[in-house]
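K.L.:
So the sequences go chain by chain: A and B.
For the first sequence, the working numbering assigns the number 122 to the initial residue and increments by one for each residue that follows.
For the second sequence, the working numbering assigns the number 122 to the initial residue and increments by one for each residue that follows.
Simulated from the structure, these hints should not be mistaken for laboratory data.
A couple of the hints might just be wrong.
Treat identical chains as interchangeable: a pair holds within one or across any two.
Calculated pairs, DSSO-like style, for lysine-lysine (alpha carbon to alpha carbon, straight line, at most 27 Å) [stated by the list, open to error]:
hint: 1; residue 1: Lys-312; residue 2: Lys-285
hint: 2; residue 1: Lys-312; residue 2: Lys-270
hint: 3; residue 1: Lys-340; residue 2: Lys-285
hint: 4; residue 1: Lys-138; residue 2: Lys-270
hint: 5; residue 1: Lys-340; residue 2: Lys-138
hint: 6; residue 1: Lys-285; residue 2: Lys-134
hint: 7; residue 1: Lys-138; residue 2: Lys-285
hint: 8; residue 1: Lys-270; residue 2: Lys-134
No experiment lies behind these values; they were computed from the predicted model shown.
Number of protein chains: 2
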Amino acid sequence: MDDFIPSSRTTLKRIPKRGAYDRDTVYGILDEGFLCHVGFIVEGRPCVIPTAYGRVGDNLYLHGSAASRLLRSLGESVDVCVEVTLVDGIVLARSAFHHSMNYRSVVIFGNGGIVHESGEKLEALRAFSEHMIPGRWEDVREPSQNEMKATTVICLPLIEASAKIRTGPPLDEEQDYNLPVWAGEIPLSLKAGEPVADPALRAQIDPPSYARNYTRPTKALRLGLPSQSG
Amino acid sequence: MDDFIPSSRTTLKRIPKRGAYDRDTVYGILDEGFLCHVGFIVEGRPCVIPTAYGRVGDNLYLHGSAASRLLRSLGESVDVCVEVTLVDGIVLARSAFHHSMNYRSVVIFGNGGIVHESGEKLEALRAFSEHMIPGRWEDVREPSQNEMKATTVICLPLIEASAKIRTGPPLDEEQDYNLPVWAGEIPLSLKAGEPVADPALRAQIDPPSYARNYTRPTKALRLGLPSQSG
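I would like the entire structure built from these sequences, with the hints used as guidance.
P.N.:
So this is what it looks like as structure tokens:
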């Protein structure tokens, strides 16, 4: 599919060079992240819910209790803004004013609608699972008919979206570069620890490799992009 | 100040035992986190912005470009929902349906207003800096008059808020415990890497200890709470 067409809501105005509208960049961020924050309106007031998500092609899927709550009083579809943010580091400048963060974020605007067709619903749940823990779906009991019925799945077509990325060192005022102050970046990343077995687990089962060596899929986005200071 | 009084919006309905309304718990999560997602309404549609924050007593402060954007067309105050989410782990169940996350999150509803008084504004900026990197403020050049003018600071009083916490192992269906499937938790945490110096840095400046040993302040919340499965 073609790249995203910048809309009035997805066009970066303040520092345009930080914006990206190509699907590779946007999907790379969506695929590395797994937690999104969904904004919607309830009785005229803003509401934000954190939840997991999955992506299949040009659709984003939400499910479970968050999806239920989203649609509790909103009917078949809901106007949402979805944000995914990956924090790559804290940027320390010589002046308080120019401190910043390095990050990659995606914003998506659109209407999320309930998925009714059972084939698409199961496919979404599989994508959801594979997004979070690749390989897990094959190992576990698939959803029963009752569990499928109890699960609300929302599909949000990826039509109006953009990425925002900051990389690189701080950008200080010219005269501040002479200050005797350390400046640079503290890199931040997600770290997976040793798997902790369920106390109810049968003793002879070892954690699978996807639990022992858990990582998120990282595209070379951090390194491939030119430094965008400021 | 007294603990939060659960409102219709902050009361957990689906799994009430996961909710917490005491300021110690809520502030512990706010102090460990540093990234929030702010939901607000623009021209009748939901919008979410990720941004850093600081806390001073019973006030949350937002600032910078996010604050500017929030208030660009909204005037002196803005109705917001602020979410802070700390992901502690992925919970692997024996059934696809019962997979979950362990997390600690805070939701705040309220009206954010512009801080005009310069004393409070400077105090908020200092809190902002100290929240992110304790000790940094003393080392850097403080904001100039022009920088202060160029900075929008929003104060959100912490009145309507609650925490939501999940800890512990998966909760599977009784009959699934016999499945030969590993179950448990993959712990996730934030990891700080070696500081990366600004290429423009004068060679003889070493990174300060707050950059070399960067951590977030962690209360014993994860360990102190009873397991809340499901």
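K.L.:
For Lys-312 and Lys-270, with the copy left unspecified, which applies at a CA distance of at most 27 Å: within, between, both, or neither?
P.N.:
Neither, since 35 Å and 39 Å both go past 27 Å.
K.L.:
Are the CA atoms of Lys-270 and Lys-134 at most 27 Å apart within a copy, between copies, both, or neither?
P.N.:
between (44 Å within a copy, 20 Å between copies)
K.L.:
For Lys-340 and Lys-138, with the copy left unspecified, which applies at a CA distance of at most 27 Å: within, between, both, or neither?
P.N.:
within (20 Å within a copy, 39 Å between copies)
K.L.:
Checking an output row: Lys-340 and Lys-285, CA cutoff 27 Å. Within, between, both or neither?
P.N.:
This pair counts as within: shortest intra-copy Cα distance 15 Å, inter-copy 32 Å.
K.L.:
Which holds for Lys-312 with Lys-285 at a C-alpha limit of 27 Å: within a copy, between copies, both or neither?
P.N.:
both (23 Å within a copy, 22 Å between copies)
K.L.:
Can you tell me if Lys-138 and Lys-285 fall within 27 Å by alpha carbon in one copy, between copies, both or neither?
P.N.:
within (9 Å within a copy, 37 Å between copies)
K.L.:
Can you tell me if Lys-285 and Lys-134 fall within 27 Å by alpha carbon in one copy, between copies, both or neither?
P.N.:
Cα proximity of Lys-285 and Lys-134: one copy only (11 Å, versus 35 Å across).
K.L.:
Is it within, between, both, or neither for Lys-138 and Lys-270, if the alpha carbons may be no more than 27 Å apart?
P.N.:
between (45 Å within a copy, 25 Å between copies)
Checked against the numbered hints given earlier, the structure breaks only hint 2 and satisfies all the rest.
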